[in-house]
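Colleague: Residues per chain are reported as follows:
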Amino acid sequence: INHIVHNGALYKRPFNEAFEETPMLVAVLTYVGYGVLTLFGYLRDFMRHWKIEKCQNATEREEQKDFVPLYQDFENFYNRNLYMRIRDSWNRPICSVPGAKVDMMERVSHDYNWTFTYTGRVIKDVINMGSYNYLGFAQKTGPCQEAAAKVLSQYGAGVCSTRQEMGNLDKHEELEKLVARFLGVESAMTYGMGFATNSMNIPALVGKGCLILSDELNHASLVLGARLSGATIRIFKHNNMQSLEKLLRDAIVHGQPRTRRPWKKILILVEGIYSMEGSIVRLPEVIALKKKYKSYLYLDEAHSIGALGPGGRGVVEYFGLNPEDVDVMMGTFTKSFGAAGGYIAGKKELIDYLRTYSHSAAYATSMSPPVVEQIITSMKCIMGEDGTTIGRARVQQLAENTIYFRRRLKEMGFIIYGNEDSPIVPLMLYMPAKIGAFGREMLKRNIGVVVVGFPATPIIESRARFCLSAAHTKEMLDTALKEVNEVGDLLQVKYSRRRLVPLLDRPFDETTYEETED
Amino acid sequence: MDAKRSSPSYLYWLFCQFELITCSYLMEPWEKVLFYSFNLAMLGLLLYTAYVCLAFHLSSALQLLWSLLGNPRENALSVVK
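Line by line, the protein sequences are chains A and B. Taken in order, the first sequence gives residues 1 to 518; the numbers are from the UniProt record's numbering. Taken in order, the second sequence gives residues 1 to 81; the numbers are from the UniProt record's numbering.
Treat the hints with caution; some may be incorrect.
[To be verified] Think about it this way: if two alpha-carbon atoms lie no more than 30 Å apart in a straight line, the pair counts; the simulated DSSO-like pairs of lysine-lysine are:
{"id": "1", "chain 1": "A", "residue 1": "Lys444", "chain 2": "B", "residue 2": "Lys32"}
{"id": "2", "chain 1": "A", "residue 1": "Lys54", "chain 2": "B", "residue 2": "Lys32"}
{"id": "3", "chain 1": "A", "residue 1": "Lys291", "chain 2": "A", "residue 2": "Lys237"}
{"id": "4", "chain 1": "A", "residue 1": "Lys51", "chain 2": "B", "residue 2": "Lys32"}
{"id": "5", "chain 1": "A", "residue 1": "Lys347", "chain 2": "A", "residue 2": "Lys124"}
In short, the hints are calculated from the structure, not lab data.
Take these sequences, add in the hints, and give me the full structure.
Modeller: Structure below.
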């Protein structure tokens with residue numbers, strides 16, 4: 001279903017999001033595949049139980065066999081019997097900087113993925129379509145690396161304290177002022193780990209007696225933070241504003257469950273770009289709802305900061321909205337800035353409160369100085385304050401790469417989820433054998449992709465997820481597209497039943513006319 | 001699109017698709033042997049049943065058709081009734 005919103009009052013540009021339905025035959029065959037694997041899983045478990053086969057997975061000790069069984073639920077069954085068979089597509093060790101091309105260590109398994117041995121060979125120059133390197137700042141040369149090396153020689157690598165004790169460096173203060181200026185808000189605070197930013201700060205903001213309205217497909221860090229806070233959690237359907245409005249109205253009309261008192265706070269948790277679907281949040285509508293029903297908005301821009309918007313300022317700039325409308329803006333530095341860590345930005349009173357009451361500020365080690373310098377340099381580069389236009393060019397290159405790659409994949413006939421402008425491109429595979437086959441075939445052709453299955457996605461909707469980068473040149477994208485086309489024909493994953501008419505105006509194809517006869 | 005593949009490699013490609021759909025691509029060799037022998041046994045049973053019963057059903061259906069077309073014959077059909 002293609003949502004092209006013509007509501008010109010809220011949206012200043014067309015909002016194209018599509019989640020094509022699973023073809024019925026493909027769904028049936030996927031279930032057939034899972035059924036066969038489940039039967040063989042039961043057979044193998046039987047053989048392991050009766051000692052016909054050597055048991056290589058974790059089991060309880062002999063003395064504990066009469067206790068409550070630990071490994072009999074579905075997750076462990078899936079792990080032993082299905083995940084083990086395709087495990088070689090994950091946890092692949094890389095041995096160079098994860099830029100546009102990466103070196104991977106080759107490994108083989110002689111006992112069907114239970115153990116791996118390294119052959120010693122290094123697979124060089126694998127095109128990296130899996131790293132969250134949206135603006136290409138994962139580099140080992142360049143101004144960011146030089147600045148980080150200088151700071152490393154000045155401050156060392158470790159901080160040896162938490163923010164509140166002795167770990168507050170002048171570099172952290174500089175970074176926080178820069179982040180606040182970048183986002184257009186009053187004040188910001190940074191933390192050493194992006195996951196910990198969410199899970200440790202949501203409990204500081206809400207507590208019992210508050211209501212959290214969280215999207216269906218929110219990240220594990222948001223879910224963990226919401227559960228740790230002790231507030232009541234209600235889920236609304238993914239990116240569905242009618243569902244959110246209904247929940248808000250119910251919450252205000254009925255109040256808390258037993259006592260009917262009004263809720264102390266209502267907090268809406270959404271993400272800028274959802275990393276498994278590639279969809280962008282409908283931010284103008286969320287802000288309109290938030291203002292109408294007087295609730296608060298927590299926006300997690302982990303994947304969208306630096307990747308969306310003409311200046312790389314995230315999803316707020318992409319929609320042309322006022323950053324002061326979002327109460328708590330959260331983001332991470334892992335994805336677009338080539339570093340590690342997270343930040344929370346907003347009004348000065350909020351950030352001052354978090355400096356005192358956040359668990360992460362009181363107990364977690366503060367960010368390492370070279371990492372801080374990497375973020376400062378890359379953020380200044382994006383803003384254009386280092387005197388060059390490299391940052392602006394990279395943001396534009398990412399947008400062009402996104403549009404080109406998505407359009408070419410759709411023309412080839414794959415089912416691609418998500419918004420037209422998101423640099424995350426999920427390609428649907430559905431069948432379990434094709435997950436393993438896709439990962440292995442792409443690696444044979446020197447392209448590294450990330451394939452995702454259960455439990456990160458629903459069990460029949462497994463996918464391959466491409467993460468585009470500004471560091472990918474059009475030659476690399478064309479090579480990757482050619483190989484994806486070949487593997488797609490080999491594995492028959494071109495399920496889409498709507499063939500887009502290929503547009504004749506391809507602005508990047510001056511040198512690739514020989515690619516058009518596919 | 002692709003050029004028409006030669007017959008043996010096309011059959012091999014079809015076999016690979018069967019392997020991918022039924023997930024025998026992921027199985028160890030002894031599991032594949034078990035799975036294929038089970039499948040072949042089921043297929044053989046189906047073909048045998050079809051061979052044995054189909055001839056009888058086809059002949060009786062043809063005789064019924066023949067009699068309906070206006071050539072009534074006193075034959076085994078009246079006995080079958």
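Colleague: With reference to the structure, classify each hint as holding or not holding.
Modeller: Consistency of the hints with the structure:
1. A:Lys444 - B:Lys32: holds (24 Å)
2. A:Lys54 - B:Lys32: Given that 30 Å is the threshold and the Cα spacing comes to 19 Å, the pair holds.
3. A:Lys291 - A:Lys237: The given pair, whose Cα atoms are some 20 Å apart, holds under the 30 Å limit.
4. A:Lys51 - B:Lys32: Holds, because 21 Å separates the two Cα atoms, which is no more than 30 Å.
5. A:Lys347 - A:Lys124: violated (47 Å)
Consistency note: the structure conflicts with earlier hint 5 alone.
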